[in-house]
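Peer 1: Chain residues, written in single-letter form:
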Amino acid sequence: MNALEIRNLNKSFADFRLDNLNLLLPSGCIMGLIGENGAGKSTTIRLILDMIRKDSGTVTVLGKDNGEQIEQIKEEVGVVTDEIGIPECLTARQVGRVMKHSYRNWDEAEYARLLQKLSVPDNKPFRNLSRGMKTKLGIAVAMSHGAKLLLLDEPTNGLDPVVRDEVVEMFRDFTRDETHSIFISSHIVSDLEKLCDYVAFLHRGKLLLCEETDVLLSEYGIVHCTSEQVSALGEAAVRYKKESPYGVEVIVSRKSVPAGFKISPISIEELFVFMVKEAK
Amino acid sequence: MKGLLLKDWYMMQKYCRYYFFVCIAFTVLSIMSKGNMFFIFYPCLLCGMIPVNLLGYDERSRWTQYAGALPYTKAQLVSVKYLIGLFTQIAALTVIGIVQGIKMTVAGGFILNEFLLLMMLLLLTASISSSISLPFIFRYGVEKGRSACYVMIGTVCAGCIIATAVFKENLHNEIPLNGILPVIFLAAIGIYALSWYLSIRFAQKREVPV
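Each protein sequence line maps, in turn, to chains A and B.
Counted from 1, the first sequence has number 163 at position 163 by the numbering used here; the numbering is strictly sequential.
Counted from 1, the second sequence has number 334 at position 54 by the numbering used here; the numbering is strictly sequential.
Read the hints as simulated data drawn from the structure, not as lab findings.
List time: in silico DSS-like cross-link candidates among lysine-lysine, alpha-carbon distance up to 25 Å:
1. A/Lys124 with B/Lys294
2. A/Lys134 with A/Lys124
3. A/Lys134 with B/Lys282
4. A/Lys148 with A/Lys100
5. B/Lys354 with A/Lys54
6. A/Lys206 with A/Lys241
7. A/Lys262 with A/Lys242
8. A/Lys262 with A/Lys241
9. A/Lys148 with B/Lys354
10. B/Lys485 with A/Lys64
11. B/Lys354 with A/Lys64
12. B/Lys282 with A/Lys100
13. A/Lys194 with A/Lys117
14. A/Lys206 with A/Lys54
15. A/Lys54 with B/Lys485
16. B/Lys282 with A/Lys124
17. B/Lys294 with B/Lys282
18. B/Lys294 with A/Lys134
19. B/Lys485 with B/Lys424
20. A/Lys100 with A/Lys117
21. A/Lys100 with A/Lys64
22. A/Lys277 with A/Lys194
23. A/Lys206 with A/Lys242
24. A/Lys277 with A/Lys255
25. A/Lys134 with A/Lys100
26. B/Lys282 with B/Lys354
27. A/Lys148 with A/Lys54
28. B/Lys354 with A/Lys100
29. A/Lys194 with A/Lys148
30. A/Lys242 with A/Lys277
31. A/Lys277 with A/Lys206
32. A/Lys148 with B/Lys282
33. A/Lys117 with A/Lys148
34. B/Lys485 with B/Lys354
35. B/Lys294 with A/Lys100
36. B/Lys314 with B/Lys383
37. A/Lys241 with A/Lys277
38. A/Lys134 with A/Lys148
39. A/Lys100 with A/Lys124
Model the full assembly from the supplied sequences, consistent with the hints where possible.
Peer 2: Structure (structure tokens):
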């Protein structure tokens with residue numbers, strides 16, 4: 001079963017349009033949705049949760065249509081957003097009590113374990129927690145009700161590198177169970193590169209690509225050469241090039257590069273930046 | 281829905297404590313005042329503002345967006361505010377009813393019809409105070425909804441002054457109001473129910489803001 005299936009999804013606002021989005025996340029996998037600010041990442045997550053109405057298309061979460069069975073879907077989905085919307089006066093302990101009466105499968109012991117593991121104080125009001133602590137509390141809530149799918153909207157935004165690393169490790173642990181999946185949006189591409197089985201590039205509401213991370217990394221590479229050498233690479237090999245006074249940086253399709261060129265590995269971030277520039 | 285009620289209860293304990301003290305102060309003032317209905321009606325108005333106030337805090341903390349990810353329907357998210365309004369207003373009416381009943385008895389002039397009329401008017405005031413603003417808030421958000429709330433408070437305060445002037449002379453006479461009391465009661469319940477229904481409809485149509 002697929003954890004998430006988005007087919008021909010469209011949504012228009014006055015100044016933005018999510019254009020015919022198609023995504024498929026198999027169970028047990030992590031998909032990263034990468035895009036600039038305003039690319040449509042949060043809109044996609046809000047559409048998945050039926051918080052805004054789609055113009056057309058279908059969204060199926062854990063085999064259920066989000067238009068018809070959204071309450072059941074929300075029982076099985078954990079959500080962490082950039083700004084955790086927990087009331088400022090509530091302590092983590094009170095949040096736990098509220099959630100216990102909100103989710104059918106709320107696991108009090110798991111929540112307590114996660115708070116302890118993440119060192120979140122359970123008696124401090126939410127407003128007095130640091131940014132990292134707030135995110136950790138949001139993650140503890142999202143992972144304490146037996147969720148099979150985590151929807152994470154910029155969860156590592158604003159976190160320091162140490163906390164980010166901890167959080168990324170927790171997400172990786174979550175998907176050790178093959179019925180668990182994660183759909184994560186971010187513009188901090190380095191986090192996603194470490195974590196994701198699939199990456200999708202979104203630019204101005206349009207999907208530029210959706211592919212397995214390993215496939216992308218093995219398919220593309222970077223060649224550093226002179227302007228004269230670029231023509232020798234051949235049109236089929238050159239995907240994008242950036243010229244500077246020091247030479248040319250060319251993103252190439254590895255299989256089409258003639259022998260003799262040294263191909264350096266490419267990062268997902270470099271690939272994304274090149275593709276977005278190309279799309280512009 | 282129990283989770284939502286619990287969350288609002290925690291928020292009320294933190295943010296609405298001063299409402300409680302104001303209500304007590306006004307109830308005490310109503311004992312000392314002679315015939316000024318403002319002190320009796322104001323606590324009911326205040327209690328009607330509690331759900332509005334809670335919605336303001338919800339919006340500020342981005343709970344409105346977060347709740348969209350929890351397993352609640354929009355009808356439940358709306359209904360919890362009406363239930364909170366109902367509980368607080370019933371509590372206020374009960375306290376005021378007991379205090380005014382004792383005051384009338386001590387003064388030696390307890391007249392059942394007069395007492396019931398007062399209670400029905402309080403019920404109507406309590407009902408109107410949140411019924412007007414909540415649908416606006418669920419339709420347009422807290423800021424615009426608040427404006428509607430202030431207009432409502434002005435209207436009801438003016439109504440109180442007029443009511444005080446009109447009933448001042450009649451308060452010591454037994455008023456044959458048997459037919460009017462059920463009408464006021466039904467009007468109060470009907471207004472609240474209609475407002476509740478409209479708020480659910482508006483919330484269902486409104487997309488959760490970013």
